[in-house]
Amino acid sequence: MELAYYSDYAVRLVNSEEPARGKDSLTSVEAVRDLFGGNQSAARRATEADVTRFRSVRSRLRAVFEAADGGDETLAVDLLNSLLLEFPVSPQISGHDYRDDDGRPLWHMHLADHPSNVTAGYAAIAAMGLAFHLTEYGVDRLGLCEAAPCRNAYLDTSTNRSRRYCSDRCATRANVAAYRARKRLEADRSQKTGLAADTAQRSTASGER
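With my numbering applied, the sequence shown corresponds to residues 3 to 211, in that order.
All clues given are correct.
Heads up, simulated EDC-like pairs for lysine to aspartate or glutamate below, C-alpha to C-alpha not over 20 Å straight-line: (1) K25 / D36; (2) K25 / E68; (3) K25 / D52; (4) K25 / E148.
Label-pair ranges, simulated between beta-carbon atoms: (5) D104 / E32: 38 to 48 Å; (6) R191 / P151: 27 to 37 Å; (7) P21 / R166: 12 to 22 Å; (8) S30 / S84: 25 to 35 Å; (9) N41 / R175: 24 to 34 Å.
Simulated from the structure, these hints should not be mistaken for lab results.
From a predicted model like this one, the values you see are computed outputs, not experimental measurements.
Ideal Cβ positions, reconstructed from N, Cα and C, are used throughout, including at glycine.
Using the sequences provided together with the hints, build the complete structure.
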């Protein structure tokens, strides 16, 4: 498993809440387990106590994205470093899931499950994955969706650093809203121009009389 894969752990956790919409899907141990995706061995260890712990980690990860999105690189790095210190990773060389044509393992780095609790393990993986993405691509590649009121987190992997939305759906919604706003502005300007022309015409007619 590539280290870049682990950055998705952070995005999934942060996006389990939509503060501007008052939505929070992280309300049960089942929701916690769903965050692990294919890592079912770790997911099965989750308990009700992890719901509150996961929410706490989520707030801290969102703060990293908010700082990065706001252009405060130093704060984003400091916040992420505090997570890395509190939740250290346990790297291992692994050959599971990946085999060559002859059936031999393709060795790669893997972050082992944390021995203390599920939250610590998930936080360690999410923080490490986010740190890898940040150092590999830059702090400005951590963003929050600009399609209000969404504000979901995303990782920009575009070649020209142009990503602004968390999904194609939000991008389309924002573009449609911008188009409609332009049309309203054009209509308002046209109406004002027409009124001004009518006023000028009446003034001219009055002067001629």
